[in-house]
Each structure stands twice: as structure tokens, then as C-alpha cells.
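Given these sequences and hints, build the entire structure.
Residue numbers (this note's numbering), protein chains in the order written: chain A, 1 to 378; chain B, 379 to 782.
Among the hints, erroneous ones may be present.
Quick list of the computed label-pair ranges, beta carbon to beta carbon [said to hold, decoys possible]:
#1 A:21 x B:649: 51 to 61 angstroms
#2 B:645 x A:11: 38 to 48 angstroms
#3 B:408 x A:267: 51 to 61 angstroms
#4 A:276 x B:442: 43 to 53 angstroms
#5 B:406 x A:45: 37 to 47 angstroms
#6 B:778 x A:27: 48 to 58 angstroms
#7 A:11 x B:624: 51 to 61 angstroms
#8 A:256 x B:583: 25 to 35 angstroms
#9 B:645 x A:267: 55 to 65 angstroms
Cross-link-like lysine-lysine pairs, in silico, DSSO-like; alpha carbons within 30 angstroms at most [claimed, not checked]:
#10 B:446 x A:256
#11 A:272 x B:446
#12 B:623 x B:446
#13 B:772 x A:256
Here are some, though not all, of the chain A residues that point toward chain B, as calculated from beta-carbon distances under 10 angstroms [said to hold, decoys possible]:
#14 10
#15 129
#16 133
#17 157
#18 194
#19 198
#20 203
#21 257
#22 260
#23 305
#24 323
#25 334
#26 335
#27 352
#28 353
If you are wondering where the hints come from, they were derived from the structure by calculation, not from laboratory data. Idealized CB from N, CA, C, for every residue including glycine.
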Amino acid sequence: MLFEFSDEHGELRRTVRNFLEKDSDEKRVRELMASEQGYDPASWSRMAEELGIVGLIVSERHGGAGFGMVELAIVAEEMGRVLLCAPYLSSAVLATSALELAADEAAQNEILPKLASGEATGTLAFSEVASPWDLSAIAMAAESNGGAFQLSGEKTYVLDGCVASEIVVAARVDGELALFRVAGDASGLSREALPPLDPTRKLAALRFERTPAMRISSGDATRGLERALERAIVALTAEQLGGAQRVLDMATDYAKTRFQFGRPIGSFQVIKHQCADMLVEVEFARSAVYNAAFASEEDPKSASIAAWMAKSYCSEAYLDAANRNIQIHGGMGFTWEHSAHLFFKRAKASEVLFGSPSFYRERMAASLGFGAAQSRSR
Amino acid sequence: MTMNESELRKRTRKLLAEIDLDAAGDHRVAFRGAQFDCGLAWVSFPEGLGGLGLEPKLQTIVHDELHKGAKTYYEDMLVNPIGIGMGAPVVLAYGKEDGKRELLRRIFTGEDIWCQLFSEPSAGSDVAGLATRAVRDGDAWVVNGQKSWTTLAHVSKWGLLVVRTDPNVPKHDGLSYFMLDMHAPGVEVRPLYQITGEAEFNEVFLNDVRIPHEHMLGEEGQGWRVAIATLMSERVALGGGASRKGGGPIAVLLDLLENVEVQRSAAEDALLRDRVAKLYIESELLRLTGIRAKAVRQSNTPGPEGSVGKLAQAEIAQAIWQCCSDVLGPDTLVYEHGYELRQGRTSASNNRLSAKYNLLRSRAYSIEGGTSEIMRNILGERVLGLPGEPRVDKDIPWKEVPRS
Ligand SMILES: Cc1cc2nc3c(=O)[nH]c(=O)nc-3n(C[C@H](O)[C@H](O)[C@H](O)COP(=O)(O)OP(=O)(O)OC[C@H]3O[C@@H](n4cnc5c(N)ncnc54)[C@H](O)[C@@H]3O)c2cc1C
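Written out as C-alpha cells, the structure is:
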């Protein structure tokens with residue numbers, strides 16, 4: 001694999017970066033993270049209309065740009081770099097992918113164009129508190145009421161769950177996983193904002209009480225949802241990479257300009273070496289993310305393993321880099337007014353979201369059969 | 379005076395019998411005042427100044443008895459962390475004789491909170507490079523400059539202040555040390571918010587503040603010696619470890635491991651148990667190392683070896699709070715305490731046991747009171763005697779040192 005990015009890829013990255021540097025500078029991030037809805041609808045529309053990145057991975061027949069994971073990784077990396085506050089992961093990646101990969105044609109025709117155009121935002125509500133990242137643990141069962149369905153129960157850690165108008169819910173019908181469409185303002189739905197560790201990404205708990213829901217998938221949706229989650233994981237790791245690179249840049253710049261003992265602190269080997277270690281981590285993270293993005297075009301098993309590798313590596317690399325960035329900034333890095341803590345909180349929450357590093361290492365090890373011969377012979 | 383362990387225990391119990399800490403009402407000042415008066419505040423301090431002239435390690439006996447004898451027990455580090463951790467040893471060693479007793483007593487009771495005005499925006503690790511100026515004017519000094527990260531300045535009566543009295547000599551030689559009345563005209567305290575949204579620390583602006591000459595601690599130009607003594611006390615205060623076996627942060631981790639309901643695979647479970655066990659061992663060794671250090675410490679001002687505990691404490695506690703969040707798993711995503719900006723400590727920080735709060739707060743452990751990098755330099759150079767880094771700032775006048 002050569003990780004070849006085309007000129008168009010370079011152009012895409014530049015366009016997105018230019019836009020975000022203006023539209024998502026630190027001041028804006030702080031305003032939005034303190035706001036209830038957590039994003040700026042006007043900016044979201046421009047991302048949809050002028051940049052065409054909201055419908056980036058929506059297929060062309062559904063009004064999107066029809067791009068794949070490589071382009072998504074580029075865009076998500078740029079978003080992670082600036083801690084963009086927007087429902088991108090929830091709507092443009094997770095809900096979009098669930099619909100593309102697991103919903104029936106009619107629902108796709110109906111919902112995807114609205115998500116792609118930015119007219120509506122969506123989210124996927126799948127996590128339940130007992131075991132949030134495990135699709136097989138989903139217990140919510142839909143009740144059918146003469147052809148119409150109703151949902152009761154609770155979903156949690158729903159990304160941007162309070163603002164989404166299109167909620168795609170994963171629940172069971174006769175034991176099989178199915179997708180349902182629930183309107184944000186549906187009767188019997190109450191949405192509670194959860195105070196997030198990472199204030200730049202909003203979370204909600206959704207309570208359903210005989211909430212009317214339309215079934216939008218046929219057959220078992222498990223495999224489609226798994227693939228949708230995998231896409232979200234790859235996008236998340238690209239964000240992590242962007243964030244890690246950014247904190248490395250911040251730390252390095254600071255180490256060059258901050259003087260103590262009559263010299264720049266970057267001239268102390270311990271600081272220099274920390275920056276160097278971060279660089280190695282960031283480069284490994286980059287390999288992991290690009291590998292996962294390109295692997296998504298290959299066979300499903302390599303794609304899954306690449307995504308899991310990336311999630312476990314990038315989570316730890318970003319958190320470590322964010323920690324070191326605080327440390328290198330000294331007391332300054334611990335203050336609210338400096339942005340180091342925002343990256344730390346994003347890094348920590350991203351590490352937890354969708355499953356911990358050891359969770360994914362274990363899946364990979366099991367899938368590759370590490371030590372399997374030993375345990376068989378025992 | 380010599381006093382053996384059992385006499386010390388008896389004296390402590392007598393104190394407990396006189397004032398019932400657990401009775402309704404706030405007995406902090408009365409009790410701690412009485413504790414000071416009978417020499418049990420700091421047993422190693424001289425008689426009359428809160429002590430009995432005993433070895434420092436015997437203080438553990440007093441704490442032991444107090445813990446056993448009363449449910450309500452005021453931890454020194456909660457009553458007046460900087461006053462007790464740093465102010466008292468400095469006042470004892472350098473304070474003027476008259477007034478010393480009253481100062482020490484009010485430190486111990488918590489009636490006067492103290493803060494430490496060392497760091498400045500451009501001088502943290504290199505605190506000896508600080509720029510706040512003091513100029514002599516008759517029998518007073520006029521101070522101008524800015525201090526930063528000043529914990530508790532907003533509630534303090536006194537500040538431990540280091541200033542530059544001579545910019546024309548190498549940096550260590552031009553410093554002097556004062557106790558500053560925080561209510562004096564020209565002292566302005568502004569909150570500085572931190573990662574949790576609280577402001578434990580502040581920026582302190584000093585504009586033409588007049589300090590009487592008799593508030594100088596040590597001699598003019600000797601400020602660095604006094605400052606070093608303060609910093610070493612601070613490190614010992616920060617690096618002491620838990621007071622009981624299995625206490626402190628590790629207790630929270632064990633409790634979470636026992637009680638948090640999350641589904642984990644057998645593999646994840648085994649991994650976590652191993653990490654917790656390792657952290658348990660390290661916590662215990664930190665505590666024991668603290669006890670050993672106390673046992674050999676002869677004087678009231680500790681030496682550079684205090685950095686062992688400070689360095690280890692920071693890393694172990696950070697690892698424990700990180701591990702706590704791994705035990706909490708997905709629930710880590712939710713931060714119930716919220717990030718409302720507010721001055722002082724919040725209920726989250728006051729209960730001290732919130733794993734989520736401490737995940738954030740613990741980032742400072744390796745920065746406050748001297749960074750872990752500086753601790754390693756001290757251990758390498760001052761304890762192990764390794765050669766120092768080439769220095770560009772040592773032998774030239776302070777005003778010629780390059781800065782950002
Ligand atoms: C919560 C908190 C409370 C505090 N309370 C107080 C207080 O009450 N009073 C007070 O006076 N101060 C206080 N401080 C300040 C604290 O002492 C300083 O933040 C600390 O000493 C570091 O200084 P700095 O922030 O300027 O970082 P810098 O000194 O600028 O350090 C930046 C980075 O460079 C590294 N570095 C610097 N010099 C060297 C070197 N020679 N070799 C290797 N690495 C080096 C540091 O380790 C750090 O990683 C507090 C800080 C915090 C975070």
C-alpha cells in the first residue's frame with residue numbers, strides 16, 4: 001500500500017483547512033462549546049453547500065459527493081485539528097453510514113439528501129448503558145402495533161442527540177437488529193443533554209416511551225451497522241491524528257519560544273525528547289489512519305483489523321500527546337484560558353468513545369488468532 | 379525536653395478529652411489553638427512555638443491518636459496547605475522573634491491563610507529569574523510586578539513573596555524574601571481559571587505596594603536561600619503519600635473496581651487487575667518511603683531528597699486517576715460536575731474523591747510545586763551529584779540574561 005494522495009486530495013485538504021481556520025478558530029470553538037446546541041447552523045450550511053463535505057460520503061444518487069474513506073479521513077483530520085464543534089461524526093458519518101449500509105432504499109431516498117444538504121442533521125442511537133459499544137448487547141425491542149412500530153427504553157451517549165432531527169435507532173425485532181427512524185420531536189421521546197467531559201462534542205441520553213418509529217431496514221442490520229461503526233471509528237481516528245499533530249505543533253512552537261534559565265526550554269533534552277517521542281507517535285498514528293482509510297476498499301477482514309489497530313493506537317497516541325502538551329506548557333497548560341485542556345478533554349473522550357484501546361486490541365488479537373494454538377493445546 | 383511515645387500519646391488523648399471535636403459546632407480554631415498551646419502542632423518545633431523540641435518523626439504519633447480519637451479531624455493540608463506546609467517552617471527559621479508565636483499559632487489554626495508568591499508569568503521553573511522589583515524607601519520597600527498561579531491568594535492574609543532587590547548581580551544573588559500583607563494597598567488579586575473551570579489560583583498584581591523592612595525574612599540578597607528552604611518544604615508536603623495503608627487515591631480505585639458495574643471481557647478484567655495491583659504496590663511503597671524519609675530527617679527543613687516523593691507521588695497519582703477512568707469506562711464521557719467558571723474550590727474538588735474531577739486536576743501534579751522535569755534535575759544533580767547542564771544564566775548580571 002502506497003498511501004497515494006492525489007492532487008485533488010491535496011486540494012480538498014487545503015480547502016477544508018482554510019475554511020476551518022476561519023470558521024472554527026479557538027474563539028468560535030469556545031463559544032460553541034458553551035452553547036446548548038453545540039454547533040453553528042450557518043457554518044454547517046456553508047460546509048454543506050460551499051464545501052460539499054457534509055454529504056462527502058453520501059452516494060451521488062442520494063445527493064452526496066460519493067467519496068470514500070480516504071477523503072473522509074482527510075476531512076476528519078482537519079476537523080480534529082481545530083476541535084470543530086459540529087455534528088459531523090454523528091450526522092455526516094454515523095447516521096449517514098448507517099443509512100447507506102443498512103437501511104432500505106426508500107429511507108435512503110428520503111433521508112440522505114436532507115443530511116447531505118445540511119437541511120437536517122441526524123444521529124445514530126445504538127448504545128445502551130450496560131455495554132454501549134457492543135451491537136450484540138442491544139436489548140431494546142420494538143413493539144409492533146398492527147404494522148406500525150413503537151420503541152420504549154433508553155439509549156445513551158448519543159452524539160448530538162439533542163439537536164438531531166433524524167434519529168436512527170437500532171433496536172430488535174424478533175431478536176434481529178433493525179433500524180428505525182424517529183423524528184427528533186416525536187411524541188414519547190425525551191432528550192436529555194449529558195454534561196460532556198469533552199465540551200466540544202455534545203452527548204445525550206434519549207428516553208423512548210411508546211415512541212412511534214418507522215422501520216427502515218429489512219433483514220438483520222448487524223453487519224451493516226458494524227461497517228457503519230467501523231467508518232465512524234476511522235473518522236474518529238483521523239480526528240485524533242489531526243488533534244495529535246496539532247498539540248505536537250503547539251508544544252514544539254512553545255518549546256522554541258519559551259525561555260527559562262536563559263534559554264529556550266526546547267534546548268533542554270528532556271523537552272526535546274518529549275517532542276521527538278510525540279513526533280514518532282504522530283507518525284505512527286498517521287500510518288494507522290491512512291492504512292485504515294485505504295484498507296476500507298479491501299476485503300472486510302483487513303478493513304476491520306486496520307480500523308481496530310488505528311482506534312487503539314491513535315487513542316493512546318493522542319492522549320499521550322495531549323498530556324505532554326500540557327506538561328510542556330507548564331502552569332499555562334493547566335489554565336482554562338489556554339487551549340491545551342480542550343485537546344486533552346477531546347483526546348480522553350475520543351479514547352473512550354466507541355470502545356477502549358484494550359477492547360480493540362483484544363478484538364484484533366482474537367481475530368488474528370494470537371496464541372490460539374497454545375490455548376487449543378492446553 | 380525528652381518525651382517518649384507513650385507520654386506523647388497520653389498528651390494527645392488529654393487534648394482530645396478537653397475539647398470534643400465530634401460535638402456539634404465548628405471546633406477547628408479552638409481545638410487547633412489548644413493543640414498548638416500544648417506543643418502538639420509540630421512536635422519538632424521549640425516549646426512555646428507549637429512544639430516540644432522532639433524529633434520530627436514523632437508527629438506521626440500525634441496524627442495517629444487524633445485519627446483514632448475523633449471522627450472530625452482537620453487535615454493540616456486542608457486547613458492551610460501553604461501556611462502549614464511552607465509558611466510555618468520559614469517563619470520558624472527566619473521570622474523576627476516578637477510576633478513569631480502569634481503568626482505560627484494563627485497559621486496552625488487556619489485563622490490566617492497563607493499563599494506563595496513565587497512564580498511569575500516569565501519565571502516558573504526558573505523562579506530565581508523572577509522580575510518583580512522591590513526598591514528600598516526609608517524603612518520600607520516598594521514593590522512592583524506580577525505574580526501568577528498564586529494558589530489561595532484570594533483568601534490569604536499573608537503571602538510568601540520573593541522579589542528582585544538587585545538586578546545588577548547574578549540572578550540568585552539579587553533576591554530578597556518578604557512576608558506580604560495581602561490586604562496592603564496596591565495588592566490586586568484576579569482569579570485565574572483552570573482546566574476544571576475553578577480558580578484555585580490567581581494572578582496577583584503588585585503596584586507600589588509598601589512592605590515594612592521588618593517583614594523581610596532573612597537578609598537582603600539572601601532571598602534565594604530562604605526560597606529554597608520553602609520549596610523543599612513544599613515538595614515534602616506534596617510528596618508525603620497517604621497517611622494510612624491503602625488510603626488516598628488507591629482507595630478510590632479499589633472501590634471503583636469493586637463497585638462500578640460495567641461489562642468487561644475476561645481479558646480486559648485481567649489487565650485491569652494487574653494494573654491496579656501494580657498501582658497498589660507503588661502507592662504502598664510511596665507511603666513507606668515517606669515514612670523512611672521522615673524517620674531520617676533531623677531538622678525542620680528537608681533536603682533535596684524530598685524530590686523523590688514529589689516526583690513519584692505525581693506519577694503514581696496520575697496513573698491511578700487514569701486507571702480510575704478506565705474502570706469507569708464509557709461513563710468517563712459524562713462530567714457531572716460541569717465546567718462553570720467559579721472562584722475557589724467546588725463541591726467536586728472538596729469531596730476529593732471524585733475520580734472524574736481528579737482525572738483533570740491531577741494533570742497539575744507534575745507541574746505545581748516544581749515540575750517533574752525539574753525534580754529529575756534536582757535528583758540527578760543535587761542528590762546523585764551528576765554534572766549539571768551548561769549554564770548560560772548563572773554568572774552574568776540578571777538583567778543580561780536572555781528571556782522570551
Ligand atoms: C495548580 C497549580 C498551583 C500552583 N500554585 C502556585 C503557588 O501557589 N505559588 C507559586 O508561586 N506558584 C504556583 N504554581 C506555579 C508552579 O510552581 C509553576 O507552574 C511551575 O514551577 C512551572 O513553571 P512554569 O509554569 O512557568 O513552566 P515553565 O518553567 O515555563 O516550564 C515549561 C516546561 O519546561 C520544562 N523545563 C523548564 N526548565 C527546565 C529545565 N531546566 N530542564 C528541563 N525542563 C525544563 C518544565 O518542566 C515544563 O515542562 C502553581 C502551578 C499550578 C499548576
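Do the hints match the structure? See the list:
Judged by the Cβ atoms, the range 51 to 61 angstroms given for residue 21 of chain A and residue 649 of chain B is violated: they are separated by roughly 41 angstroms. Between residue 645 of chain B and residue 11 of chain A the Cβ separation comes to about 44 angstroms, which falls inside the hinted range of 38 to 48 angstroms. Here the CB-CB span from residue 408 of chain B to residue 267 of chain A is close to 55 angstroms, well matched to the stated 51 to 61 angstroms. About 48 angstroms separates the C-beta atoms of residue 276 of chain A and residue 442 of chain B, a value consistent with the hinted range of 43 to 53 angstroms.
For residue 406 of chain B and residue 45 of chain A, the Cβ-Cβ distance of about 59 angstroms falls outside the hinted range of 37 to 47 angstroms, so the restraint is violated. Distance hint for residue 778 of chain B and residue 27 of chain A: a CB-CB separation of about 38 angstroms, inconsistent with the stated range 48 to 58 angstroms. Against the hinted window of 51 to 61 angstroms, the Cβ-Cβ separation of residue 11 of chain A and residue 624 of chain B comes to about 59 angstroms, which satisfies the hint. Distance hint for residue 256 of chain A and residue 583 of chain B: a CB-CB separation of about 29 angstroms, consistent with the stated range 25 to 35 angstroms.
Range check, residue 645 of chain B to residue 267 of chain A: Cβ separation about 44 angstroms, and the 55 to 65 angstroms hint is violated. A hinted pair counts as satisfied when its Cα atoms are at most 30 angstroms apart, and residue 446 of chain B with residue 256 of chain A does not qualify at roughly 53 angstroms. Our distance criterion of 30 angstroms between C-alpha atoms is broken by residue 272 of chain A and residue 446 of chain B, whose separation comes to about 49 angstroms. Using a Cα cut-off of 30 angstroms, the hinted pair residue 623 of chain B and residue 446 of chain B holds, with the two alpha carbons roughly 15 angstroms apart.
Taken as a hint, the residue 772 of chain B and residue 256 of chain A pair is honoured in the structure, with Cα atoms around 21 angstroms apart against an allowance of 30 angstroms. Because the smallest distance between the Cβ of residue 10 of chain A and any Cβ of chain B comes to about 35 angstroms, over 10 angstroms, the interface hint for this residue is violated. Interface hint at residue 129 of chain A: satisfied, since its Cβ lies 8 angstroms from the closest Cβ of chain B, which is below the 10 angstroms cut-off. Of the supplied interface hints, the one on residue 133 of chain A holds, with its beta-carbon coming within about 7 angstroms of a beta-carbon of chain B, less than 10 angstroms.
The interface hint given for residue 157 of chain A holds, since its Cβ lies 6 angstroms from the closest Cβ of chain B, which is under the 10 angstroms cut-off. With 10 angstroms as the threshold, the beta carbon of residue 194 of chain A comes within range of chain B, its nearest partner Cβ sitting at about 5 angstroms, so the hint holds. At about 8 angstroms, the closest approach between the beta carbon of residue 198 of chain A and any beta carbon in chain B falls short of 10 angstroms, and the interface hint on this residue holds. This hint holds: residue 203 of chain A has a C-beta 6 angstroms from the nearest C-beta of chain B, less than the 10 angstroms allowed.
Because the closest C-beta pair between residue 257 of chain A and chain B is about 6 angstroms apart, less than 10 angstroms, the hint holds. Annotation: residue 260 of chain A was flagged as interfacial toward chain B, and the flag holds, the nearest CB pair being 4 angstroms apart, inside 10 angstroms. For the restraint placing residue 305 of chain A at the interface with chain B, the shortest Cβ-Cβ distance is roughly 17 angstroms, beyond the 10 angstroms limit, so the hint is violated. Interface restraint check: residue 323 of chain A against chain B, minimum CB-CB distance 7 angstroms, threshold 10 angstroms, status holds.
Checking residue 334 of chain A against chain B: minimum C-beta separation of about 5 angstroms stays under 10 angstroms; hint holds. Interface restraint check for residue 335 of chain A: the shortest CB-CB distance to chain B comes to about 6 angstroms, inside 10 angstroms, so the restraint holds. Annotation: residue 352 of chain A was flagged as interfacial toward chain B, and the flag holds, the nearest CB pair being 5 angstroms apart, inside 10 angstroms. Against a cut-off of 10 angstroms between C-beta atoms, the interface hint on residue 353 of chain A holds, since the closest Cβ of chain B lies about 7 angstroms away.
In summary, the numbered hints that this structure violates are 1, 5, 6, 9, 10, 11, 14, 23.
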